[in-house]
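Trainee: Sequence:
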Amino acid sequence: MTENAEYQKAQNQELRLGAEEGLDVSIYANPDFNWLQMEQIRMGLKDKVDVSVYANPAYSYDTMKQIRLSFYSEIDLIPYLRRGFTDDALEEIRISLLNRLPLDDWLKDDMCAPQIYQIRIGLSEQLDVSAFADSKYNWRQMRELRLGVEKKLDTSLYSNPLYSHFQMKEIRLGLESGLDVSSYCGLVHSATDMREMRLSMIDHKQSTEPMPLDPVEKKSPRNPGSSRRVSQFDISIEENGNKAYAFIPKLADNSVTEEDIYSDLERRKIVYGILPDAISDMLQKGKTGERVLIAEGISAQRGENGWFEFFVRLDLPRIPAPLPDGGVDYANIEAFEMVDEGETIAVYHPAGKGIDGTNIYGETIHAENGMEKPPLRGEGFTIAPDGVTYISKMNGKFEYVNGQIIITNMLVVREDVTAVTGKLEVDGSVYVIGSVYSGGYIKVTGDIIIEHNVETANLIAGGNIMIKKGSCSKHDCYIEAGGEVSGSFFEAANINAAGNVKANYIMNSYINTMGRVIVSGSKGVLLGGRICAVKGVDTFNLGNKSHLKTILEIGRNGLYEKEQALRTQKRERLLAELAALEMSWRKILRIPPAEREGQQDLIQKVRATILSKNHDLADLDAEISKLANMTDQNMKMPVCVKGIAHEGSVIIINTMKFLLNSEVKRVIFKLRNKKVVMVTL
1 MTENAEYQKA
11 QNQELRLGAE
21 EGLDVSIYAN
31 PDFNWLQMEQ
41 IRMGLKDKVD
51 VSVYANPAYS
61 YDTMKQIRLS
71 FYSEIDLIPY
81 LRRGFTDDAL
91 EEIRISLLNR
101 LPLDDWLKDD
111 MCAPQIYQIR
121 IGLSEQLDVS
131 AFADSKYNWR
141 QMRELRLGVE
151 KKLDTSLYSN
161 PLYSHFQMKE
171 IRLGLESGLD
181 VSSYCGLVHS
191 ATDMREMRLS
201 MIDHKQSTEP
211 MPLDPVEKKS
221 PRNPGSSRRV
231 SQFDISIEEN
241 GNKAYAFIPK
251 LADNSVTEED
261 IYSDLERRKI
271 VYGILPDAIS
281 DMLQKGKTGE
291 RVLIAEGISA
301 QRGENGWFEF
311 FVRLDLPRIP
321 APLPDGGVDY
331 ANIEAFEMVD
341 EGETIAVYHP
351 AGKGIDGTNI
361 YGETIHAENG
371 MEKPPLRGEG
381 FTIAPDGVTY
391 ISKMNGKFEY
401 VNGQIIITNM
411 LVVREDVTAV
421 TGKLEVDGSV
431 YVIGSVYSGG
441 YIKVTGDIII
451 EHNVETANLI
461 AGGNIMIKKG
471 SCSKHDCYIE
481 AGGEVSGSFF
491 EAANINAAGN
501 VKANYIMNSY
511 INTMGRVIVS
521 GSKGVLLGGR
531 ICAVKGVDTF
541 NLGNKSHLKT
551 ILEIGRNGLY
561 EKEQALRTQK
571 RERLLAELAA
581 LEMSWRKILR
591 IPPAEREGQQ
601 DLIQKVRATI
611 LSKNHDLADL
621 DAEISKLANM
631 TDQNMKMPVC
641 VKGIAHEGSV
651 IIINTMKFLL
661 NSEVKRVIFK
671 LRNKKVVMVT
681 L
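Residue numbering for the sequence shown follows our numbering, starting at 1 and increasing by one per position.
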């Protein structure tokens, strides 16, 4: 059995999806994660949330899901996670916080999800939850008490936690029926005993003089001296006092009048939403044995949540459309949206006010107002004096990423770029509608998008570079990006990138990337040249039948060592700066207290600078550690070939060299015991 057999099919699917989406799958390429956990991490990476918070095999899929969802609403679940809440409990907490319910006033560390649910429902219905929001009650006991509070019963008669929820239910049902429950609400009575006593009391009521309790039985007012008229019916209250139903049982000589119904409604203090036509129709048509709605209040209507109306498209695909062969359609992707200076890009519609309702007792049901959204963040726009209209400050490229508006300067070149055009240096981005030919030079702080081809040229971008058709030259095309580089194909190109390099075809190119080289599609091939990719290579075919030498350097290659050296130098500079600051701080501490008062600004400045430098050092150490972990022997897929790997290919992983001397199919090249080995996909 191969080493890769430890992964289930679903796990491999999640890894493949992540790789195809250009995500850092090394974060979840761990057999300790099941596929559901992998899915949550992948979805978080795709949405650019901080998955490190929950990418831990100790957290269940449900826990991961709730933490991921909390990021979208700017809700912090981490304090609750640290208190020991997980899975469904976190979901209840998240929903409560989302609806701005004061759950923290009642939440205890030993509460389970169903208990929290009962409290949440009570708070959302504006009930006095103090009667049941206590961990001394289990969730079923809480439910019985909550139902009692909803129906305005005296819950103190069964609030003893020593009662089982079955006993509580029998007492609650007795109170709802208007019975004197004191005769059976004692701990000495089992729930079964209570039920028998309750039913016996109801039967006794029905066979004796009418009492002002349900079911109703009255004498006929027309013949005071005559025999009693049988009038039995039941009125039940539902939906928290918003509806009342009448039920007339099928009994011999059972005669119910409108006076009986209205009298009982008055006794119950039901004064609003009474339906006279329904009552008349029920009695005239003799509707027995069925529940009839006879009173209905008006439900409260929650206000509409605040929302943003955008006048630019937000749904531009982040990932190009797939081609029939599994490749990627770079040529037809819409990479960005353009906006003009002064253009309205969004308008905020404030949350609406709720509309109060009225229950059948004539009481006001207070409605919740809609939830407001926080203002949009970002750059390149201004907010009009009305406080709700967002206006572009420039002609530029519009992006909406992680809830932020980013508008950056973009120069649109509506012709080919050549030596004649001259150097283009832009503080922002450049979009070339044509191609870039011999002598073309573009340098930007943002992105470069080329609609057609690139030949001999120099492209330098602080962000991403996309060449929709591709690049073909004679090793005199130089591409450098602080982000990703992508295009339909690259032939004889020299590429340096901090992010991934993606194409459908790469031939005789020299590529240096801190990310991963991804060649898509069943016709995709990585052929010739030298590829230095710290995170690895994912291609369909590697090399060709002519045994054209193709060299892959993965992991701790020259590029990696250079990057680590730069970070080490930066760390040494930070340590030197911190040492100087701490020396200054010690000098300040030696100043007599009386003299320090006049130097408070200096003291605060030094203290803030030390704190800032310490944060920078911690972040840098995290980056160094992440880079080291990314290239250790536990890398699951340093080189993945989904099709054919041809003879003549050279794979070097962490300086360990492997020469492929025969054709193989569907393999992963990886390190094992400091040797490069092949593992079947």
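Among the hints, erroneous ones may be present.
List of simulated lysine-lysine pairs, DSS-like, C-alpha gap at most 25 Å [as the list claims (entries may be wrong)]: (1) Lys468 with Lys423; (2) Lys523 with Lys570; (3) Lys423 with Lys46; (4) Lys423 with Lys353; (5) Lys636 with Lys570; (6) Lys587 with Lys636; (7) Lys243 with Lys269; (8) Lys393 with Lys353; (9) Lys443 with Lys468; (10) Lys657 with Lys626; (11) Lys570 with Lys545; (12) Lys269 with Lys152; (13) Lys469 with Lys393.
Here are the simulated distance ranges between beta carbons [as the list claims (entries may be wrong)]: (14) Gly178 with Gly289: 51 to 57 Å; (15) Ile433 with Lys46: 40 to 46 Å; (16) Asp476 with Leu681: 53 to 59 Å; (17) Pro324 with Gly352: 20 to 26 Å; (18) Arg607 with Gly378: 28 to 34 Å.
Since the hints were made in silico from the structure, they are not lab data.
Quick reminder that beta carbons are idealized off the backbone N, C-alpha and C, glycines included.
Trainee: Which numbered hints does this structure break?
Mentor: 2, 3, 4, 5, 6, 8, 11, 13, 14, 15, 16, 17
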